[in-house]
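On the provided structure of chain D, position chain X as indicated by the hints.
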Amino acid sequence: MDELKDAILKYVIEEYAGEDDKITYDSALISSGLVDSFSMVSLKRFLEVKYKISIPDEDASPEAFDSVTKIADLVKRFTS
Amino acid sequence: MSYGDRVRSIYQQQLSEIREAGIFKQERYIHSPQAADINVEFPAGADLQNVINICANNYLGLSSHPEVIKAAHEGLDTRGYGMSSVRFICGTQDIHRELEQKVTEFLGTEDTILFPSCMDANAGVFEAILTKDDIMISDRLVHASIVDGMRLCSAEHDTYKHGDMDHLEKKLQLFKDKRLRVIINDGVFSMDGDTAKLDEIVKLAEAYDAITFVDDSHSSGFIGRTGRGTHEKCGVIGKIDIITTTFGKALGGASGGCVSGRREIVEMCRQKARPYLFSNAMAPVIISGVLKALELLTRSTELRDKLEENASYWRKGLSDAGFILKKGDTPIVPVMLFNARLSQDFSRDLYKEGIYAIGFFFPVVAKGQARIRTQLSAGHEKHHLDKALEAFIKVGRKYEILGKTEQEIIERYGM
Chain D
1 MDELKDAILK YVIEEYAGED DKITYDSALI SSGLVDSFSM VSLKRFLEVK YKISIPDEDA
61 SPEAFDSVTK IADLVKRFTS
Chain X
1 MSYGDRVRSI YQQQLSEIRE AGIFKQERYI HSPQAADINV EFPAGADLQN VINICANNYL
61 GLSSHPEVIK AAHEGLDTRG YGMSSVRFIC GTQDIHRELE QKVTEFLGTE DTILFPSCMD
121 ANAGVFEAIL TKDDIMISDR LVHASIVDGM RLCSAEHDTY KHGDMDHLEK KLQLFKDKRL
181 RVIINDGVFS MDGDTAKLDE IVKLAEAYDA ITFVDDSHSS GFIGRTGRGT HEKCGVIGKI
241 DIITTTFGKA LGGASGGCVS GRREIVEMCR QKARPYLFSN AMAPVIISGV LKALELLTRS
301 TELRDKLEEN ASYWRKGLSD AGFILKKGDT PIVPVMLFNA RLSQDFSRDL YKEGIYAIGF
361 FFPVVAKGQA RIRTQLSAGH EKHHLDKALE AFIKVGRKYE ILGKTEQEII ERYGM
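Protein chains in written order, with my numbering: chain D, 1 to 80; chain X, 1 to 415.
Note that these hints are calculated values from the structure, not bench results.
Take every hint as true, because none was put in to throw you off.
Mimicking DSS-like on lysine-lysine, the simulated pairs with C-alpha atoms at most 27 Å apart in a straight line are:
no., chain 1, residue 1, chain 2, residue 2
1, X, Lys170, X, Lys197
2, X, Lys161, D, Lys10
3, X, Lys161, D, Lys5
4, D, Lys10, X, Lys170
5, X, Lys170, D, Lys5
6, X, Lys197, X, Lys367
7, X, Lys326, D, Lys22
Okay, the calculated beta carbon distance ranges per label pair:
no., chain 1, residue 1, chain 2, residue 2, range
8, X, Leu277, D, Ile53, 38 to 48 Å
9, D, Gly18, X, His383, 39 to 49 Å
10, X, Ser319, D, Ile53, 50 to 60 Å
11, X, Ile18, D, Asp26, 25 to 35 Å
12, X, Cys90, D, Thr69, 56 to 66 Å
13, D, Pro56, X, Ser9, 39 to 49 Å
14, X, His73, D, Glu14, 56 to 66 Å
15, D, Arg77, X, Ser279, 38 to 48 Å
16, D, Tyr51, X, Ala207, 21 to 31 Å
17, D, Pro56, X, His31, 56 to 66 Å
18, X, Leu277, D, Gly33, 30 to 40 Å
19, D, Thr69, X, Asn50, 55 to 65 Å
20, X, Leu180, D, Ile53, 21 to 31 Å
21, D, Gly33, X, Lys70, 45 to 55 Å
Computed list of chain X residues with no C-beta within reach of chain D, every gap over 10 Å:
no., residue
22, His73
23, Tyr81
24, Phe88
25, Glu98
26, Tyr208
27, Met336
The C-beta atom is built at its ideal place from N, Cα and C for all residues, glycine as well.
Bound conformation, chain D alone:
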């Protein structure tokens, strides 16, 4: 599980973080404004390509993408 979280965390940091942002597994991403809802599309696409899954639009909600832990749970749900 940590390997999955680490991969997601690495992507989130590279894609969205500024120099001063400290992001952990449980940092709020969307609700804090760090990741704008527009940018969710590439995050979803990254997950679908990397983990060979398909996340239906109704499951790709801002709430489900709001932390690395929540995203990892979502990925697990579609890979298991």
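Structure of chain X alone, referenced to chain D:
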């Protein structure tokens, strides 16, 4: 009564929260035409104060230019006050089409369609030309009106880091399966005053078969050697597929905007863009004023040259005094203060010194990036700038920020 105490208290609570957050916006009443020197009533009921305006979008000083005013009067006399119609029913006069042709010529595009504002142009264009099979890829600092336009469109949207061409290229690769890709930018970013790298963006667009979109509202009339905009500055005239711009800033400052670009895209807007279809045609008096503004700019580069000199003089003066400025070479010169409260106090003290400039802070700019955004005009004379510099230095000394680093200012005042 449906609008009773319960409903009223909901809004009163929200307004209180806005006040407590320190982001309540209050208008200042100007009792004179828009210009470098204005008479302002602030707060409401106070005596009028004559101040130097250094925060208007009146880049070329055309808002109250005698020739523009005369042309507007003539438009009023010969074409009337209003159209009482949308364009496609009975709201198109000969001068509406004439302005579309003149803008096309000025920007070096294929065709142009007028909108009531550039906000409306941005709100309407994406929905008119894209479907759910397409992707809009925008710089992360594009203007709020573009964000709203993207929200109204069924195409997918993604962003790339501000000005980061490698990141943009990754996004273009990521979405290469889409029917259409649109790269979306401001020409000059209004809060930072920096310019999009349109030459590099056009190369990427050509490599990845993408459409280019630029909102040149803070550029049209004065950026580039002859003031055509950022596409002239970057050497890509004729290569930007969609330009939106406003007549509410440099080009007379009244109102109105347009989409200018590829003729099929303009025609799609004429058929489908909702703000075009469902709101009134621009008033003849404004069309006449904008036509004159374009004629003045086509005749001579004197005004944009003066603006460039003013901006350069102002930037050097502030920099030499020890202020931290956002880097750039446009007439938007942000003076960085970092702390929101400091930006408000600084603006208030400037006003006392006879200088009208506004502090911006989160959420308008990023947290810890509060600033006074100054904007130069060809209407400024050297004595305006010298007086404003004197005031900035006096207030800067009061808060002991001159010559200080970002770190030092943040340590003293906080983020």
